[in-house]
Amino acid sequence: MHVDEATVRRIARLARIKITDEEAKGLEAELSGILDWVEQLKQVDTDAVEPMTRVVGQDLKQRADVVTDGEKAAEIVANAPMADDNFFVVPKVVE
Amino acid sequence: MTDLTKLTLVEARDGLAKKSFSARDLTSAHIAAIERANASINAFVLETPDRALAAADAADRNIAKGTARPLEGLPLGIKDLFCTEGVRTTACSRILDDFKPTYESTVTRNLWDAGAVMLGKLNNDEFAMGSSNETSAFGPVVNPWRRRGSDAKLVPGGSSGGSSAAVAAGLCLAATATDTGGSIRQPAALTGTVGIKPTYGRCSRWGIVAFASSLDQAGPITKTVEDAALMLSVMASHDPKDTTSVDQPVPDYAALMRQGVKGLRVGVPKEYRVDGMSKEIDTLWQTGIDWLKAAGATIKEITLPHTKYALPAYYIVAPAEASSNLARYDGVRYGLRVPGKDLIDTYENTRAAGFGKEVKRRVLIGTYVLSAGYYDAYYLKAQKVRTLIKRDFDRAWNDVDVVLTPTTPSPAFAFGEKSGDPLAMYLEDIFTVTVNMAGLPGISVPAGLSAEGTPLGLQLIGKPFDEGTLFRAAKAIEDAAGRFTPADAWWLT
Amino acid sequence: MHDKVAAPSNGNLIPGATGDWEVVIGMEVHAQVNSRAKLFSGAATAFGAEPNAHVSLVDAAMPGMLPVINEECVAQAVRTGLGLKAQINLKSIFDRKNYFYPDLPQGYQISQYKQPIVGEGEIEIEVDGTAKTVGIERLHLEQDAGKSIHDQHPEYSYVDLNRSGVALMEIVSKPDLRSAKEAQAYVTKLRTILRYLGTCDGDMEKGNLRADVNVSVRKPGAPLGTRCEIKNVNSIRFIGQAVDVEARRQIDIIEDGGKIDQETRLFDPGKGETRSMRSKEEAHDYRYFPDPDLLPLEFTEDYVAHLRHDLPELPDEKKARFMAEYGLASYDASVLVAERERADYFQAVAKGRDGKTAANWVINELLGRLNKEGHDIADSPVSADQVGGIVDLIANGTISGKLAKDLFEIVWSEGGDPAEIVETRGMKQVTDTGAIETAVDAVIAANPDKVEQVKAKPSMIGWFVGQVMKASGGKANPQAVNEILKAKLGLE
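Residue numbers (our numbering), protein chains in the order written: chain A, 19 to 113; chain B, 272 to 764; chain C, 812 to 1303.
Careful: at least some of the hints might be erroneous.
As the list claims (entries may be wrong) - What the simulated footprint calls covered on chain C by chain A, stretch by stretch (three residues with Cβ under 8 angstroms from a Cβ of chain A suffice, anywhere in the stretch; the number is not a length):
no.: 1; stretch: 969 to 981
no.: 2; stretch: 1030 to 1042
Said to hold, decoys possible - Simulated pairs of lysine-lysine, DSS-like, Cα-Cα distance not exceeding 25 angstroms:
no.: 3; chain 1: B; residue 1: 564; chain 2: B; residue 2: 550
no.: 4; chain 1: A; residue 1: 79; chain 2: B; residue 2: 512
no.: 5; chain 1: A; residue 1: 79; chain 2: C; residue 2: 925
no.: 6; chain 1: B; residue 1: 734; chain 2: A; residue 2: 60
no.: 7; chain 1: B; residue 1: 734; chain 2: A; residue 2: 79
Because the hints were derived from the structure by calculation, they are not lab data. Positions of the beta carbon are idealized from the N, C-alpha and C atoms, including for glycine.
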């Protein structure tokens, strides 16, 4: 499966990773190569097969509705590049 | 005094109990070895000698009181994918910068609760993506093993290259590692160490930087099979904070290991004999078969028809899950932030500067295969192929109790040898990914040396939660093959 | 540009330059689940905390964190599904919806895409006396996002993750609604059901219930038009306005020869218009896939049966029962069941008394007064017992209807037991016919001209009744006054 440069740029935008023109060209070749290689999965007949949505053979364990966490705002923002008064601070979103 | 860094984990434990030496002696010896070696090997990305010595002293007090816990005073290295409270954790990526978790991963918590000592954080491929430890933001790791007559730098495997190199070089008694497509077993095979990836769900994933959620598992890299049994018995636990961790008791692995292999049915899958496989790997495989037969096992050829599809399916599922798991690295709440003209620009700059090439490649692949119009053809298809791979094994378990294969298609390669083409590197995982895709346990045990004198490993694959059988069979191979350590400890000069 | 929205004249149709238009509306309501802790973390859901105080490591998406589902949120979703007469799916899957935003720390929202916990159902609504069944498409559980505050600083936004991870139920209707009133009735009814069940507070001002309104227009009988989504409308009133304004906007564009772009819009109540949300312009590719950290959610029929067994009586059932048991009119019954607290209050008043009288008092006197003073029935200064007491006093003839209103006023402002108040203040009505006759005689004697007029115009008896009541200080029994007057005036 060939992906063109425009697609590479669109995917990079979706993934929020800035890429240079040079990188875009390189990625075009690399990603196309990888996607070509995975095409071989088409050879497998999976018509009557369920996808593996469960690796462990047990039920989803649930938690009781009790407050057991929180009340540690300082810890939550401790590693933030920018914080103020326990808020996370980020550049404005252009609305 | 014996060189304490040459002891196995079990020998060290017994030595402490016999008071042949102190925990402080043991830890100091390793700290000294790291100081001498790390510049050459680059296994450790962060050393924590003060904390280690304090823990060793506490261990000595416990041993004196007679309250020694299973790993009391034993110095370990911790892969930098495990969040360690108050100690920088980076996943060997620039994007985590100076992140200091305010919490401890469940697996490492289990180790500290058992009295173990942390020597420091170990190098790995960035975000666990790689098979050679060449993608780390802290630089590559050098395999303590060298080809006969050559001082070319060889890779220690990946992603847990720091773990495997540190154990092989005697810089720690054992190490934690993680395995998503082979990242414990392949580095173990390339460094002559033992590495086990337990069944998916055996160890808790809480507090381990996530790469591919349905494939990741923690496990130990050690010098011997018995050491691996001891480490796993402490690392494994049910964790209510991880609902994919199983609520099943942890068996006595060391006891199970001693049961021998009489009557054990060993499967040899014909599909693992791939085109272009080197003769020496094939020979090693046959040698392993002979050893197990001699120890009382029976051998049967089996078929696992969908084997060859595991690798391409893996390179859809793992990047897809990774692309989503790595979305949180956006410079908002922790780690690196590279400012931009607005929010989107900041995200894009941060992630461009913070992620290395391989991580970017996989995030983009993952984003692509999940994107509109491609989900069915790629991700859904790959998840269906997974079911078929698991079914192949389910069928095999009717006839055999364990499966024997080589661990890797080749021994340790030189720096740069496979980094030109991503696919060449991905093929390193050809024998190991099936195990993660099926959620099964797998162990690599050193079995021989290549023509160039570098280690080769054999892999055993087991039924879900049957790590005991893996330890039994691996012990039989280890008994026959012996232990492998590099002849010349060049890294200590 | 039209600045006044014409009311549909032909049923629900909206007149345009090229003929009548039909507006088609579907609603996606986000209801915050009533639970103590969040959907996948143990942090509190309570409103109004200090920034990031109700945030766990999981909510902050720290490296290595994993979700663990809250069993009460699951139960609340199933209860809601039962209240919507919907199909409960014994197996459902959580999916990740991937996009980047600072109030979405994981870079994905855990939601349900292809296999939601609840399937198709329905709600009955009533608009201007006409009943209608509105289809429910599905209900699923998902995480709420945090909050970004944009007005604290010129260059930066401030992010608070307290709300991040709170459980939401997204309830999607079928596009069965055909007018602003229907849309309002739908949300009102849905809100009532949720409050009855106790699965959501429905406080739209606090943002516990938010509506996304999908609007499209077409000529009757034509295929569906392109729809626009008006996001986060947070009051019933605005829902009605937004529908009317958006329908008119679309009609105008089409009649001017243009076509509708499918887009997301915001309703601006100040300007009375909807406008495009620029930040959501970029078509989102959410890359949904099943969340690998969560196994499928499965439960048994038994589990559902237990929840069904413990459900409270729902508004439709209660209304039907009130009409049957108490002989109430449909409208009155609807008013009483609109809030569970009201229905409970009414039942307390009606116990052992005449239902219609009780209903009249609760609706016209109590609710009317509460409304005027902006109180909820929960903070009513008059209890059900007290209202019941007043109703008893009327029933046994101790006081007249008019006096009862005065009595109510006293109880409202001063409190106290109605029977005691009547005693101590001498408010008993006069039934002694002798006294009434005397009063009647006096009025007749004083107004000979009116006596003549009433013979020709019997309806003027009302004036006489008023005079007698005034003379007796309002205490005379009006029925007795009427009878005695009729007899003495020679009217029958």
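Hints, one by one, checked against the model:
1. 969 to 981: It holds: at least three residues are needed, and the stretch 969 to 981 of chain C offers 4 whose Cβ sits within less than 8 angstroms of chain A.
2. 1030 to 1042: violated (count 0)
3. B/564 x B/550: Holds. Residue 564 of chain B to residue 550 of chain B sits at ~21 angstroms (cutoff 25 angstroms).
4. A/79 x B/512: Distance ~10 angstroms between residue 79 of chain A and residue 512 of chain B Cα, so the pair holds.
5. A/79 x C/925: holds (21 angstroms)
6. B/734 x A/60: It is violated: about 28 angstroms lies between the C-alpha atoms, which goes past 25 angstroms.
7. B/734 x A/79: OK: residue 734 of chain B and residue 79 of chain A at ~23 angstroms, within 25 angstroms.
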